[in-house]
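Those protein sequence lines, which keep their order, are chains A and P. If you count the first sequence from 1, position 251 lands on 251 in the UniProt record's numbering, and the numbers rise without skipping. If you count the second sequence from 1, position 179 lands on 179 in the UniProt record's numbering, and the numbers rise without skipping.
Hints are supplied without guarantee of correctness; some may be wrong.
The calculated lysine to any residue pairs, modelled on SDA-like cross-linking and capped at a C-alpha distance of 25 Å, are [to be verified]:
1) A:K134 / A:H203
2) P:K323 / A:V216
3) P:K79 / A:E59
Here are some chain A residues the structure puts well away from chain P; computed CB gaps all over 10 Å [to be verified]:
4) R33
5) L48
6) C118
7) Q187
8) W201
9) L214
10) F223
11) H235
From the derived model, a few chain P residues whose C-beta atoms are all more than 12 Å from chain A [said to hold, decoys possible]:
12) T187
13) R206
14) K232
15) Q243
16) Q252
17) A318
18) K322
I should point out that these hints are in silico values taken from the structure, not numbers from a laboratory. Just so it is clear, CB atoms sit at the ideal spot from N, CA and C, and this is done for glycine as well.
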Amino acid sequence: MSASTNTDLIQYLLRLGDSAMVQAQRLCQWCGRAPALEEELALMNVGLDLVGQARNWLEYAAELADDGRDADHLVFRRDERAYRNLLLVEQPNGDYAVTILKQFFYDAWHFAVLQGLCHSGDARVQGIAAKALKEVTYHLRRSGEWVERLGDGTEESRRRMLAALPQVWRFTVELVDADAIEQRLFQAGLIGNPEQVALDWQHQVEAIFERASLPVPQPASHFYLSGRQGVHSEHLGLLLAEMQFLPRAYPDATW
Amino acid sequence: MYAQLVETGVKRLKTLEEMSEQERAFQERIDAEIKIEAKNWMPDAYRQTLIRQISQHAHSEIVGMLPEGNWVTRAPSLKRKLQLMAKIQDEAGHGLYLYSAMETLGADRDTEIDKLHSGKAKYSSIFNYPTLSWADIGAVGWLVDGAAIVNQVVLQRTSYGPYSRAMIRICKEESFHQRQGYELLLTMMREGTQAQKDMVQDAINRLWWPSLMMFGPSDEHSPNSAQSMAWKIKRQSNDELRQRFIDQTVPQLELLGCTAPDPELKWNAERGHYDFGQIQWDEFYEVLKGNGPCNQERVATRRQAIEDGTWVREAAVAHARKKHNKNAA
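Build the full structure now, drawing on both the sequences and the hints.
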């Protein structure tokens, strides 16, 4: 692997790991507050899968970077400007309509991305993706079913979904809009075709929204923030302050 | 123990002669160690006692997610975060098992949960104490789950089949949590800084006595025990179980290099047990009545969750009905 490809791949692994980690952190905030016991179980289950995936991606990123930091260091000691997660996953949980839409958009994207990564020229990436894909298949099925239930449930649930949609939709621009790093990694055969990811995502959203009788909005437009470049919304800093408190307060500690 | 002070509604045990034929057949079945199953005849007081006990147990699993959930967003490493999330997930699962076991007795889950939210039903007193540092999470795993296991291992032999089978499944997962909790503390004590060691001792100081209270009132003040023991819902007395817990926990405490906040705690060679100091029973009864440190917050959080989630559950029901009608058409 050339040095520049190596740098690109590290960036990309951070994106995958950080998104999974931040999404899981949001799910943790639901603990004890979910609308049903079965949902407590499901939210924690999905979160657990995602923390496991974050650890796998970030361990590999740390090995490639080889600068003395490990996965824990990457999670608990990086500031928000160094985080590379999607803007979508850092958004607050809101009500269950917001939470479900965020989860669904992320899962549909995640599923398409992982399918591509299962054919990566990098064996390690391929292996992690294959394991993650099994988990995300379940996540997507679950969140898709909830979109359907809430979109085509009661008047109240539909009203809430319609209110949540514009709040969440604008952040989907990052899911379908590949940048130069992704293009180069695709050319190098390390990740799947970003255009395919965008198409698969769009189809998945259209299919589920149709079943939920929800309108698919026009494609979201760029709005001057980029989680992938470390330019986040104001929510991430607070999320990290909570998540990183202990390792920051006790830097010499072993947990 | 996750169920404390369960009312049986029975003032005095009946002798076999005083029992009706049905009651006698039931008691003989109990005495012969044959499990009672959902469709068997049972005295109404037995049924009601079990509903109270199993629902209290289930509520404890659910309310018990909150003190740990308080730290799940702040767990200090990936490994610890994964462990805690898995544990909380298991607890939600235990709650589901137990509500199912309770429903075999004809009780309704939502009705019993309403009783929790209106303050009529109890849950374990331990979950009314706050988690103030990360070490509390280890101490909860070690002491609280440890106390629960001592109780639940015995309940695997409880006379009601569905409850007994739920306990067998739950104990397997619970033992795992307890070992993880202890390992968490051991890591802080052996590899940690002085600040971490202080954190561990402080957690033990605050949670030691509340853990001992989990076994319920002392035998002399446990008016419901005799009937529960005769029915073999309970298999051992509160004080016996508490003593067993202390005897097995003190060596673990010593291995940690920590102390208990009890100057009277010492080995009694004559008894072959540890002697220990007086439990603050006033505190126990106050906490159980609702005047503990976190009672209001715990119940309010659970009530809020179910209230806020009403529209979600209603949507799920409405959607299922639409789908059903579509398929039927």
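A quick look at each hint next to the structure:
For the hint linking K134 (chain A) to H203 (chain A), the alpha-carbon distance of about 20 Å falls within 25 Å, and the restraint holds. Straight-line distance between C-alpha atoms of K323 (chain P) and V216 (chain A) comes to about 22 Å, which keeps the hinted pair within the 25 Å bound. Among the hinted pairs, K79 (chain P) with E59 (chain A) is consistent with the structure: their alpha-carbon atoms are about 13 Å apart, no more than 25 Å. With a closest Cβ-Cβ approach of about 5 Å to chain P, R33 (chain A) is found to fall inside the 10 Å limit, against its non-interface label.
Remark: the non-interface label on L48 (chain A) conflicts with the geometry, its nearest Cβ contact in chain P lying 5 Å away (cut-off 10 Å). Distance check for C118 (chain A) against chain P: the nearest CB is about 24 Å away, which clears 10 Å, and the non-interface claim stands. Listed as a non-interface residue, Q187 (chain A) keeps its Cβ farther than 10 Å from every Cβ of chain P; the least gap is roughly 32 Å. Non-interface status of W201 (chain A) relative to chain P is upheld: no Cβ of that chain comes within 10 Å, the nearest being about 24 Å off.
Once the 10 Å rule is applied to beta carbons, L214 (chain A) is consistent with being away from chain P; the minimum gap is 13 Å. Look at F223 (chain A): its CB is around 28 Å from the nearest CB on chain P, clear of 10 Å, so calling it non-interface holds up. With a cut of 10 Å on Cβ distances, H235 (chain A) stays outside the contact zone with chain P, its closest approach being about 14 Å. A beta-carbon of chain A is positioned within 12 Å of the beta-carbon of T187 (chain P); the least distance is around 6 Å.
Remark: the non-interface label on R206 (chain P) is consistent with the geometry, its nearest Cβ contact in chain A lying 18 Å away (cut-off 12 Å). At roughly 29 Å, the least C-beta separation between K232 (chain P) and chain A is larger than 12 Å, which holds for a residue marked as non-interface. The beta carbon of Q243 (chain P) is kept farther than 12 Å from every beta carbon of chain A, the shortest such distance being approximately 33 Å. Non-interface call for Q252 (chain P) relative to chain A: holds, since the shortest CB-CB distance, roughly 20 Å, exceeds 12 Å.
Distance to chain A contradicts A318 (chain P) as a non-interface residue, since its nearest Cβ pair spans about 5 Å, not more than 12 Å. Distance check on K322 (chain P): its Cβ comes as close as 7 Å (rounded) to a Cβ of chain A, failing to clear the 12 Å threshold; non-interface status is violated.
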